[in-house]
Amino acid sequence: MSENGKENGARKLCIIASKGSLDMAYPPLILANAARMSGIEVDLFFTFWGLDIITKDKMKDLKVATVGNPSMHPWFHIPTFVGGMPGMSAAASAMMRREIDKLDFPPVDEFVETIIDSGARVFGCKMSMDMMRLTQEDLVEGAEVLGAMEMLDYAEGAQVIFI
Amino acid sequence: MSENGKENGARKLCIIASKGSLDMAYPPLILANAARMSGIEVDLFFTFWGLDIITKDKMKDLKVATVGNPSMHPWFHIPTFVGGMPGMSAAASAMMRREIDKLDFPPVDEFVETIIDSGARVFGCKMSMDMMRLTQEDLVEGAEVLGAMEMLDYAEGAQVIFI
Amino acid sequence: MSENGKENGARKLCIIASKGSLDMAYPPLILANAARMSGIEVDLFFTFWGLDIITKDKMKDLKVATVGNPSMHPWFHIPTFVGGMPGMSAAASAMMRREIDKLDFPPVDEFVETIIDSGARVFGCKMSMDMMRLTQEDLVEGAEVLGAMEMLDYAEGAQVIFI
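Keeping their order, the protein sequence lines are chains A, B and C. Quick note: the first sequence, position 144, residue 144 per our numbering, numbers continuous. Add 1000 to a position in the second sequence, counting from 1, and you land on the number used in our numbering. Add 2000 to a position in the third sequence, counting from 1, and you land on the number used in our numbering.
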């Protein structure tokens, strides 16, 4: 058994976050947070567009997609044609931020810090970072860089959740 | 071992459905149905846009996204520019409904009922429901409301599939 | 224990690929490749739009979605309104192909062949193929057709990753 794998039968989650939109940034963070509060070990691996969630100059300004999402409710119904207009994504993102704040969830950057402080390990996918020309300096403090094979090694014995 | 967890080594799936488009509503339902037919225990957890799938006044009218999906075939090829025109999503959704019907799969609302009748447990994510101002009354009969920590507790020992 | 399930405790991944865009085609292929290089057993199951990845006359020409993806960086920032213009998806796809090539990852069709040669099993989802009127002849050589219940049977004991 790899020492990176599951130890003594402790439960472990490996969450892979691949989306960078505001609405899809919250599910991995909420799951990671809930798991840590339940004493479950958590590794968070950010890949492709998900890297935005832990990239210092992006994480404060994630946006909701207003087109390509026919569920874009309940705050307002935006027909796809109008959803493509300049400014609509910003308006929807501001509304979603307000709703999230009302529920007492922190903004993305603070939420990521809380999760790191709670003991979850946070990784950026090396291959995606090379493609996007990012280095560890670009990531939030506490995040490390990891290749796909090492990630799989860490994920041994974990419940893997790809978001 | 939690009594919500895996009992006597029985196989269990925990399916988390986070998308509300017509095309992404079917994968969780088809998997849940196939699993129940194989005698596998199933918990379905609907979160974010996925809540539409079990919301009474939405579940009969889910729509295919015609923009933001470059694979939008094979029924017709819609260039993104045209896909954004009013009416295109409705047309694509109607075509997809016909195709699904030809394969003898029921419409979403009947499919959800069948799955509940087969013994799968169906839950709405409490946090998403609060954000969307939904209560258990808004959900299909048989669905319950569950927080993220309780969901993780139920998912112990399960294969977790996030869609 | 089913003979299709996990044998002698060998580690196994079941990757379900449901997206057909160029950016979401790579994560299942990169994970499958990394897993095979680590000696992990891999089943790849292509369903819904993911079928494009193993369909002979589609797999060479997958496209990036330029709308509905507010993260569409870092190569350029396309406002959603402009992203919907004819030609933008093709331009973004060409740029992504160049970046992927620079990282020494093969194009999708060659990558799929490499993965099959490495011993991963590759399946098309029967129900999706019926809906899209595809037969095994339309799939890349080495791919087989499989129903959802058989897929679940193969996935017993595996870490399931739905992309």
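Because the hints were derived from the structure by calculation, they are not lab data. Fair warning: there could be bad hints in the mix.
[To be verified] Listed next, the stretches of chain B that the computed footprint assigns to chain A, with coverage defined by at least 3 CB atoms under 8 Å from CB atoms of chain A:
hint, segment
1, 1103-1113
2, 1155-1163
[Stated by the list, open to error] Below are the EDC-like pairs computed for lysine to aspartate or glutamate, each with C-alpha atoms no more than 16 Å apart in a straight line:
hint, chain 1, residue 1, chain 2, residue 2
3, A, K126, C, E2110
4, C, K2056, C, D2104
5, B, K1012, C, E2156
Backbone N, C-alpha and C fix where the C-beta goes; we use that ideal spot for every residue, glycine too.
Hint numbers not upheld by this structure, sorted from lowest to highest: When the structure is compared with the hints, numbers 1, 3 and 4 turn out to be violated.
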